[in-house]
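J.: The lines below spell out each chain.
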Amino acid sequence: MQTVKMVVTGPFSAGKTEFIQSVSEIDVVSTERRISNAAERSVKEATTVAMDFGRITVNDDLVLYLFGTPGQKRFDFMWEILSEGMLGFIVMVDSTRPETFREARSILETFRAYAPTPYVVAANKQDMEDSWDLEDMRHALRLDSKVKLLPCIATDREKVKGILVELLNNVLSELK
Amino acid sequence: MALRGNLRDFTITQLLNLINLARKTGTLVVDGPSEQAYVSFREGKLAYTRVGQDDGSLAAVLHKANKLTVNQYRAIVERAGKINDKELGLLLINAGYLSQQDILANLQAYFTNSIRRLFTWVEGSFRFENEMLPPDDRINVRLDLENIIIEGSRQLREWEQLQDEIPSLDMALKFTDRPLKNVNLSVEEWRVVSFINPKNSMKQIAQTNKMNDLEVRRIVYGLLQAGLVEIVRPEGMVVPQSPKMFPTQDKEEQKSLVNKLIGRIRSL
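Order-wise, the sequence lines are chains A and B. Yeah, the first sequence ends on 1046 if you go by our numbering, and it's all consecutive. Yeah, the second sequence ends on 352 if you go by our numbering, and it's all consecutive.
Hints were generated in silico from the structure; no laboratory data involved. Some hints could be false.
What the hints assert, rightly or not - In silico DSSO-like pairs for lysine-lysine, Cα to Cα no more than 30 Å straight-line:
#, chain 1, residue 1, chain 2, residue 2
1, B, K328, A, K1031
2, B, K328, B, K294
3, A, K1046, B, K166
4, B, K335, A, K1031
5, B, K287, B, K148
6, B, K335, A, K1018
7, A, K1016, B, K283
8, B, K166, B, K148
9, A, K1031, A, K1016
What the hints assert, rightly or not - From chain A, some residues computed to sit far from chain B (all C-beta separations above 12 Å):
#, residue
10, E954
11, E979
12, R982
13, D1006
14, L1013
15, E1036
16, V1041
We treat Cβ as the ideally placed atom computed from N, Cα and C, and that holds for glycine.
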């Protein structure tokens, strides 16, 4: 059995767990814990503390694993472990929470430093009224025009599939 | 009980605060990321500091502060075996070359700058040696810690923010398409700018310019914010593809595998 993996990362509450849940053929093995910090609890009740784990079986010989990283900075020791051997990574950013853009940028730079693997940035919650425009997000995140910044709705399977395919196309381009 | 621990759990500013409040006498030994520091205190006041390989002798301090010429400094170093800092200080005062206040002010500035370097150490261990006092032949000062602690806290916050923005100094910089015209840069900024090249990591730029991590991050952050540069992986830096990335090392098989993944995901 051959296995490959991709990593979904991003700030706290960016939608990483939902993203994996949308395409995983198994229920996402999630290590969520109730949030103790009051400020963070106002955003959501539980968060990932070790990793999320999803799976897509291609055939009898090939399986793709999706790993979601914990978003909170205090769990960043997990990031390097999870990034080991990844095909590529997706940085999820909540388009409605500009206060997290700086952290998203920092996470992106950290992962770029770990490995020279392809990546895309997914602007999640683009269906929300108060979501930022992609071009504004590109400036705020200081993304080069060559970096793919893709609109995303983490609960929409088709959107999630599109983002995974875009990342795989990047992987393919790097192989050429 | 011994005062020892890890800088991840207890920051330099927290340690200084404790030493200040407990009016401790002794030496704080810090094993930082690449060097060791000795910071001595008397009754909670800073007395003496030595960081890494820095020559904290009075002659070196005065030379760095442009109070001694190169020739004067060399002459003193040649006689270093015979004369200690206290004797040198007396000699300079008696010769009317410097006042006692001059000497103390320069030492205080030097020790304060040394402590500032420690504020960027977030990794490492520390221990407080009650019995270890500053070397007898060195001039001690009596510096209140409050202002140093306030400045340190400010600097630590800045350091954390800058580290979030620029997590790794192993990455390089390249200019964006925006021309570097009508931009007013300081001398320090120009020194960094002159080495910006995708082949040079930020760490190399810092080393070449004799800047510490905080200084180079501060400058790079400004250039990034102004949209003048962007962070790139250093050219020529060989980062081996993780063997775990693909189950096969054959390029064609790798492409076939990725195509299979794309096909499967589309069919979901």
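J.: Taking each numbered hint in turn, which are not upheld by the structure, reported in ascending numerical order?
T.: Result: hints 2, 3, 10, 11, 12, 14, 15 and 16 break, sorted rising.
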